[in-house]
Amino acid sequence: MSSVNKSSEVNGSLNLLDLPFIGVFFRWRYSRMVMQSIMLVIAVIMILHGLFGPQLAPRNLSTLLTWVHYRGFLVLVLLVAGNFFCMACPFMLPRELARKFSSPVRNWPRWLRNKWLSIALFVLILFSYELFDLWGSPWWTAWLIIAYFSAALLVDAFFKNASFCKYVCPIGQFNFISSTVSPFEVKVADTNICADCTTHDCIKGTRHPENQWDVVQRGCELALFQPKKTGNMDCTFCLDCVHACPHDNVAITTRLPGSELWEDPRRSGIGRFSNRNDLSVLALIFTFGALLNAFGMVSPVYAFQDWLAGVMNTTSEAAVLGTLFFLMLVVEPVVLLAIAAYITRTWTASGEKLLPVVMRYAYALVPFGFGLWVAHYSFHLLTGLWTFIPVTQSIFAGWGMPVLGNPLWGLSGLPEQLVYPLELGFLALGLLGSLLVTYRISELNYDERKWKAFIPWAALCVVLFCAAVWLLNQPMEMRGTFLGG
Amino acid sequence: MHFWKYMFSDNRLFCSSATACKSIYFLAFFLVVAGCQPPEDQHPDINLTWQIEPDPPGVGMAALHIILTDSTEQRLAGAEIKLEGNMSHPGMKPFHATMDEVEPGKYAADIEFTMGGDWFFLVESTLPDERVLEHQVNVPGVRSQ
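Sequence lines, in order, name chains A and B.
Position 191 (the first sequence) corresponds to 191 in our numbering; numbering is contiguous.
Position 24 (the second sequence) corresponds to 24 in our numbering; numbering is contiguous.
Only chain A is shown next, with the shape it has when bound in the complex (with noise of 0.2 Å):
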């Protein structure tokens, strides 16, 4: 039954895994534990700098690497390739030292086996950039790093599987909701293999031939089983599966970025996503939450929430930022979201209740959303893209050791002039993935009524487009500080 395939097409598609040397690295079953290893030396250097290091934010890699290369390389990445940053994730590898130990035999509680906690930590992330003003101190950053390694270790030494990863990451959450639109999918190569598998290894894991209970190699710890997986929602790249599958028949392959956004089986480990109002919630908080971060680095911000706090009658930072991030997160999503469902309901008479639309449409605002942190944080990237060299070098030098040379201050990276031109076609790109996944949302449930569904979410994707133009074209104003500042 054993088929291997040796084309590097499957079903049309190019398979990663049957390329020469990447295909070979990736095949290889300890490809993942070297990437992470390389990260791992990388996030020590950053923390030891980030505690010991210059409490400058420009000359400590422990900011520089987090907060300029980390994000910008990660957003890219995913654009052009798929989730390699969660495969590469350094965060597991204390966990599985932990494991060599003992291993887990407590299930994840099953009120939580949602988004729910993962989306209150991405907030709360978001908020704390803001109010603590992390980019600016390598002390916090290097710390935020250490309790990111904590609770990584901390949960998944306690609960079986993937506990952290699945549920409360909030990185990872926002990996794979970006990775919807990825090019790349770990995926199934021949489904009429899979129909005549018995032995289920992409999710069991291989067993010892001699001994049942000796897990050899594990599978899906994300509980996705292959044959009924779709698209890249909660998957890590861990590339479990085509180490555990005996068929040699996983793939990563390329396919249509964002189609599993309007696509709505039963997926396995997640199920349908039109049930799925955690996930509904994490694509509007993943959106918002991209005009919110690139609203707080504008100038208009501050002049905002000066008159914020004069309304609120209050100096509170944290009161005044909370409120922002309630209009923002909460009030502004609800408003437009449910003046373009009940725009629908109405042009369709459809009849439905409001909230089935909202949830079936939030998803078509990713690609979107996508769009914006993909142009902010490569702005951030491509400008800074060679700070890194002088703050290395000037490691060296500070221990005597010029062996880098004498550190290069004037390094940077493209000029903005010609990044701009590139944030507006990322923005573009976003909007045209949202107005294909609004379409085809439309065309699937309303038939022939699809354009009087379309134009309202259309119009809604329109609209947000240009208010992240507005905030492109806003002047920069990077303060630490609003209330007095």
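For the record, the hints were derived by calculation from the structure and aren't laboratory data.
Note that beta-carbon positions come from the ideal geometry of N, C-alpha and C, so glycine has one too.
Do not take every clue at face value.
Ranges of calculated distance between the beta carbons of each label pair, as one might list FRET restraints [what the hints assert, rightly or not]: (1) His96(B) - Ala303(A): 26 to 34 Å; (2) Glu124(B) - Phe326(A): 41 to 49 Å; (3) Glu124(B) - Val334(A): 33 to 41 Å.
One-sided and incomplete, this derived list gives chain B residues near chain A with beta-carbon spacing under 10 Å [stated by the list, open to error]: (4) Leu48; (5) Ala63; (6) Arg75; (7) Pro90; (8) Ala97; (9) Met115; (10) Leu122; (11) Arg131; (12) Val142; (13) Ser144.
Partial list, computed: chain B residues near chain A (C-beta under 8 Å) [as the list claims (entries may be wrong)]: (14) Ile46; (15) Pro57; (16) Gly60; (17) Asp70; (18) Thr72; (19) Asn86; (20) Met87; (21) Ser88; (22) Met92; (23) Lys93; (24) Pro94; (25) His96; (26) Glu101.
Please arrange chain B on chain A, whose structure you already have, making use of the hints.
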């Protein structure tokens, strides 16, 4: 079941050697990092006062004046002062300048704030007696409009 109730009921977390082993692992992990303290700033005896015009500054050109004095409040003339300006956000392009001594012990440089936000300047002063001093001058809240 409520999360904390679930975690702590019947001493779930501390009921076996395996979990005790994990707890020790966590403790060791935290102890390794908990001893760390942020480095303290070091200030030399030489005093540096500064002034910027316009105050508050906005995006565009501004003039930075620096006065160096010793412990007897006598101005220190003949120093060579280099300046590096940068933002609190990492990844921005810094600018460099050498300050002119406009009167004994008083130094000035024209600087350009290319973006609104929090700025700082690293001031490296080489005194006539070859001592090299470093100061940091913070200029928060440069307005973009």
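Cross-check of the supplied hints:
no., hint, verdict
1, His96(B) - Ala303(A): 26 to 34 Å, "32 Å, holds"
2, Glu124(B) - Phe326(A): 41 to 49 Å, "46 Å, holds"
3, Glu124(B) - Val334(A): 33 to 41 Å, "53 Å, violated"
4, Leu48, "17 Å, violated"
5, Ala63, "21 Å, violated"
6, Arg75, "28 Å, violated"
7, Pro90, "4 Å, holds"
8, Ala97, "12 Å, violated"
9, Met115, "5 Å, holds"
10, Leu122, "8 Å, holds"
11, Arg131, "19 Å, violated"
12, Val142, "8 Å, holds"
13, Ser144, "4 Å, holds"
14, Ile46, "20 Å, violated"
15, Pro57, "12 Å, violated"
16, Gly60, "11 Å, violated"
17, Asp70, "26 Å, violated"
18, Thr72, "31 Å, violated"
19, Asn86, "5 Å, holds"
20, Met87, "6 Å, holds"
21, Ser88, "4 Å, holds"
22, Met92, "6 Å, holds"
23, Lys93, "4 Å, holds"
24, Pro94, "6 Å, holds"
25, His96, "7 Å, holds"
26, Glu101, "23 Å, violated"
Hint violations for this structure: numbers 3, 4, 5, 6, 8, 11, 14, 15, 16, 17, 18 and 26, all remaining hints satisfied.
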